[in-house]
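Engineer: This is what each chain is made of:
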Amino acid sequence: MTATTVVTGIGITAPNGLGTEDYWKATLDGRSGIGPVTRFDASQYPATLAGEVPGFVAEEHIPSRLMPQTDHMTRLAMTAAAWAIDDAGVDAAALPEYGMGVVTAASGGAVEFGQRELQNLWSKGKEYVSAYQSFAWFYAVNTGQISIRHKMRGPSGVLLTEQAGGIDSLGHARRHIRKGIPLVVAGGVDAALCPWGWVPQLASGRMSTAGDPARAYLPFSPDACGYVAGEGGAILVTEDAGSARERRAPQVYGEIAGYAATLDPAPGSARPPGLGRAARNALADAGLTPADIDVVFADAAGVPDLDRVEAEAITGLFGPRAVPVTAPKTMTGRLLAGGAALDVATALLALRDGVIPPTVNVAAPATDFPLDLVTGSPREQDLRAALVLARGHGGFNAALVVRRHAATTDPASGRND
Amino acid sequence: MPITTTHVTLTDLTRMLRESAGEEEGVDLDGDVIDTPFIELGYDSLALLQVIGEIQREYGVEIPDDAVVDAETPRALLDLINAGSTSAA
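For the record, the sequence lines run as chains A and B. 410 is the number that our numbering gives the last residue of the first sequence; the numbers go up by one with no jumps. 193 is the number that our numbering gives the last residue of the second sequence; the numbers go up by one with no jumps.
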């Protein structure tokens, strides 16, 4: 029998909230974290808005020894990981270190650190480059630092599928768990709010250049004009359900029931985009039908053509206006490798509390997108399963199904803290 | 270029260690650490590479690349630095 993978811990660093409950409250209140960029001078670039994580004082979360060797991205990721591990009630020192792995998603690595050191190299010379540049900017740095800090030496890795990575990391974690690894820390946290992180996104032509935070990122709207970038994301503790029960995990947020990934065909191909196929495959993997899905967390590109592809994928699978769809990332911006991980965390919180968070700033979807978009305020509803969709630049598609797990309501598994 | 009259002290070194590589919890760099191996103070070879880079920039001394391996304690590193500042004269 195949092992069941459950999520037992969540750690969130998001533009509209630091910490899971802070984020969740803001998200249900419809409070956005999008505003003018403050982390660098963005005034000379066409896009000037971002979702920045508020109130993060790194020294409060990161040991002094790690400060010189970590980027802002890695500090956010390590903080989210520590919170997730704590939330899961995992005492890493008491568990077999080779039985715990770490799989994170990355988009461009720690580009803020890398940019600073390359500027030093170019303007002052090689003696001015930090010795820690050797690893601090590298794609796998979040995985490495989390693994070292918590002594998790089981199978580990990093997945680079841009915005789809947050889901792909969880799919990969489940693969490790099915092979017998009891626990894998997974998800994604990104932070590329620096010129080096900005320019490649601008080059994609998909970034919003609007100046009003309430009008800049409007997925599925007739006024969609691109996306706003953000920083942050979520780290989750995924576990074998049996192991989680044995060690009396304080809670089970839900089960990773289905996962699938596809690649879009080459541009100009007559074949259809792959998002709908990823969604169908994920449902099939979970052994569910569209009628079992109570809410869809959309990728929500905010680019008209891409919104159309997603709307068609959803209506093609569920029918017109047949399932509630939401994009709480309208309050955070798109977080690159962190975005889909945060959406999965949000979907699990929605299952826990029986409430769908809203898509903000969008009054209604464009008339030719027959979606039941949850706009304005949260919608209370009993939720059994959620489908989370994500697309990464370059044709990556990923879909994940999370559902309530029986242990969620099993008081015998509970430990109250 | 090089400052020839420099004498780097343990106080200077611990300050630069803190700046370049942070301070390990449970280690008191202000204590009697002159003969404590760097590894026991929580500094690996990369941390030493980082602090040696800072010393070279700040004091204009040249420190041989092997110092990272050879200088196992603050005393040994200070000897190398202060010898380097003389030889660079």
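Just so you know, the hints here were simulated from the structure itself, not pulled from any lab data. Misleading hints may appear alongside valid ones.
Covered by chain A, per the in silico footprint, the following chain B stretches (three or more residues, Cβ under 8 Å) [said to hold, decoys possible]:
(1) 132 to 139
(2) 164 to 175
Partner residues are not named here, just some residues of chain A that face chain B (Cβ under 8 Å, in silico) [claimed, not checked]:
(3) Arg58
(4) Leu59
(5) Pro61
(6) Cys218
Think about it this way: if two alpha-carbon atoms lie no more than 20 Å apart in a straight line, the pair counts; the simulated EDC-like pairs of lysine to aspartate or glutamate are [what the hints assert, rightly or not]:
(7) A/Lys144 / A/Asp278
(8) A/Lys119 / B/Glu162
(9) A/Lys117 / B/Glu158
(10) A/Lys172 / A/Asp278
(11) A/Lys18 / A/Glu373
(12) A/Lys144 / B/Glu128
(13) A/Lys144 / B/Asp170
(14) A/Lys18 / A/Glu239
(15) A/Lys172 / A/Asp79
(16) A/Lys119 / B/Glu158
(17) A/Lys144 / B/Glu144
(18) A/Lys144 / A/Asp216
(19) A/Lys119 / B/Asp116
(20) A/Lys18 / A/Asp346
(21) A/Lys117 / B/Glu128
(22) A/Lys144 / A/Asp205
(23) A/Lys144 / A/Glu110
(24) A/Lys117 / B/Glu166
(25) A/Lys119 / B/Glu144
(26) A/Lys144 / B/Glu162
(27) A/Lys119 / B/Asp169
(28) A/Lys119 / B/Glu166
Glycine included, each C-beta is placed from N, C-alpha and C at the ideal position.
Engineer: Compare the structure with each hint and give your call.
Structural biologist: Outcome of the hint check:
With 0 residues bearing a CB less than 8 Å from a CB of chain A, the stretch 132 to 139 of chain B misses the requirement of three and the coverage assertion fails. Restraint check on the stretch 164 to 175 of chain B versus chain A: 0 residues with Cβ-Cβ distances below 8 Å, three needed, restraint violated. Interface hint at A/Arg58: satisfied, since its Cβ lies 4 Å from the closest Cβ of chain B, which is below the 8 Å cut-off. Against a cut-off of 8 Å between C-beta atoms, the interface hint on A/Leu59 holds, since the closest Cβ of chain B lies about 7 Å away.
Restraint check, A/Pro61 versus chain B: the minimum CB separation of about 6 Å is within 8 Å; hint holds. Hint status for A/Cys218 relative to chain B: violated, with the closest Cβ pair at about 44 Å, above 8 Å. For the hint pairing A/Lys144 with A/Asp278, the CA-to-CA distance comes to about 32 Å; that exceeds 20 Å, so the pair is violated. Of the supplied pair hints, the one linking A/Lys119 and B/Glu162 holds, its CA atoms being roughly 15 Å apart against a limit of 20 Å.
Between A/Lys117 and B/Glu158, the direct Cα distance comes to roughly 13 Å. Compliance with the 20 Å bound is thereby established for this hinted pair. The hinted pair formed by A/Lys172 and A/Asp278 meets the criterion: a straight-line CA distance of about 17 Å does not exceed 20 Å. With a C-alpha separation of about 14 Å, the suggested pair A/Lys18 and A/Glu373 falls inside the 20 Å cut-off, and the hint holds. Restraint check for A/Lys144 and B/Glu128: satisfied, since their Cα atoms lie roughly 17 Å apart, inside the 20 Å limit.
Straight-line distance between C-alpha atoms of A/Lys144 and B/Asp170 comes to about 30 Å, which puts the hinted pair past the 20 Å bound. For the hint linking A/Lys18 to A/Glu239, the alpha-carbon distance of about 31 Å lies beyond 20 Å, and the restraint is violated. Of the supplied pair hints, the one linking A/Lys172 and A/Asp79 is violated, its CA atoms being roughly 25 Å apart against a limit of 20 Å. Taking the CA atoms of A/Lys119 and B/Glu158, the gap is about 12 Å. The hint holds against a cut of 20 Å.
Straight-line distance between C-alpha atoms of A/Lys144 and B/Glu144 comes to about 19 Å, which keeps the hinted pair within the 20 Å bound. For the proposed pair A/Lys144 and A/Asp216, the alpha carbon gap of about 48 Å is over 20 Å, so the pair is violated. Restraint check for A/Lys119 and B/Asp116: not satisfied, since their Cα atoms lie roughly 23 Å apart, outside the 20 Å limit. Restraint check: the Cα-Cα separation between A/Lys18 and A/Asp346 comes to about 12 Å, which is no more than 20 Å; the hinted pair holds.
Taking the CA atoms of A/Lys117 and B/Glu128, the gap is about 30 Å. The hint is violated against a cut of 20 Å. Restraint check for A/Lys144 and A/Asp205: the C-alpha separation of about 45 Å exceeds 20 Å, so the hint is violated. With a CA separation close to 29 Å, the supplied pair A/Lys144 and A/Glu110 exceeds the 20 Å bound. For the hint linking A/Lys117 to B/Glu166, the alpha-carbon distance of about 17 Å falls within 20 Å, and the restraint holds.
With a C-alpha separation of about 29 Å, the suggested pair A/Lys119 and B/Glu144 falls outside the 20 Å cut-off, and the hint is violated. Annotation: proposed proximity of A/Lys144 to B/Glu162 is violated, straight-line Cα distance about 36 Å (limit 20 Å). The suggested pairing of A/Lys119 with B/Asp169 holds, with an alpha-carbon distance near 14 Å, which does not exceed 20 Å. For the hint pairing A/Lys119 with B/Glu166, the CA-to-CA distance comes to about 14 Å; that is within 20 Å, so the pair holds.
Comparing the model with each earlier hint shows violations of hints 1, 2, 6, 7, 13, 14, 15, 18, 19, 21, 22, 23, 25, 26; every other hint is respected.
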